[in-house]
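Numbering of the sequence shown is given in our numbering, commencing with residue 48 and proceeding in unit increments.
FYI, nobody ran anything at the bench for these hints, they're computed from the structure.
From the three backbone atoms N, C-alpha and C, an ideal C-beta is built for every residue, glycine too.
Incorrect hints may appear among the rest.
To be verified - What follows is a list of derived Cβ distance ranges for each label pair:
id, residue 1, residue 2, range
1, GLN306, LEU150, 44 to 52 Å
2, ARG192, LEU283, 21 to 29 Å
3, LEU309, ARG49, 22 to 30 Å
4, ARG255, LEU299, 17 to 25 Å
5, MET174, ARG255, 28 to 36 Å
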Amino acid sequence: MRQALVASLALSIAAPPLGVFLMMRGMSLIGDAMSHAILPGIALGFYMAGFSLPAMSIGGILSGLIVAGMAGGVSQMTGHREDSAMASFFLMSLAGGVLLISLGGKDVDLTHVLFGSLLAVDRTALMLILTISSVTLLLLAVTFRALIVECLDPLFLRGQGVRSGLIHGLFLGMVVLNLTAGFQTLGTLMAVGLMMLPATAARFWSNRLEGLIGIAILIAMLSSIFGLMISYHLDLPSGPSIILLAGLAYLLSALLGRQHSLLSKWRKRAAPLDSTL
């Protein structure tokens with residue numbers, strides 16, 4: 048439980064800021080596609096070395112980077128929208144990953160790969176997660192301003208002598224790294240949940256980037272802590288418990304948040320009526 052708590056908190060600090068930038072870029076669903084893009088590499092690592100975390104993680108990182116590069120290349124060469132290209136590669140990646148695992152010739156339970164096993168995190172997995180989270184935070188600190196400008200005005204960034212494609216590629220690389228770290232704990236199907244749900248929930252509470260990132264991290268950390276407690280006391284799977292709590296936070300934010308929620312819109316509609324009365 049201690050190792051699971053540290054692992055989930057580390058992911059809660061590093062992943063939500065990436066989700067905020069994905070949301071700002073209009074790439075929220077690309078995060079989900081990228082989470083499946085790492086599956087062929089994980090499957091190849093399993094096919095070659097069994098349930099070896101280093102082999103599966105290296106395979107997942109390489110697979111995610113290759114798929115992201117191919118989708119970007121197709122988009123630039125053909126003019127095809129990047130999200131459409133990513134969706135196409137995501138479907139091929141998902142099918143290829145499942146096929147590779149089935150070729151292992153063993154009676155393999157895909158649950159561990161698809162849904163993770165947070166309470167089975169060992170020291171090797173914990174060190175990998177902590178390393179990836181630390182590297183992500185350092186890269187975000189170095190590229191923070193460039194990421195903001197690249198979201199708002201890529202032409203201005205290019206005019207300053209910075210290649211927007213390089214920043215975009217580095218950002219996608221950070222997404223791949225965090226999804227690879229998350230597959231061990233939450234699985235490939237839900238690793239993106241801790242990245243996107245807190246970010247989208249934070250949108251209902253703040254319009255400032257710093258506020259979005261801070262609130263997203265807070266929601267992710269609270270979801271991780273209370274999700275683990277619920278899973279422990281009620282004997283439920285830990286990963287789905289964390290993601291469902293983050294989803295509950297999103298629903299409550301959509302209803303009661305300060306910005307763009309149902310409550311805030313109702314108040315704006317009620318205010319003119321009160322003034323006329």
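Going down the list of hints, with the structure as the test:
no.	hint	result
1	GLN306 to LEU150: 44 to 52 Å	49 Å, holds
2	ARG192 to LEU283: 21 to 29 Å	42 Å, violated
3	LEU309 to ARG49: 22 to 30 Å	39 Å, violated
4	ARG255 to LEU299: 17 to 25 Å	21 Å, holds
5	MET174 to ARG255: 28 to 36 Å	34 Å, holds
Figure legend: structure checked against the earlier numbered hints; hints not met, in rising order: 2, 3.
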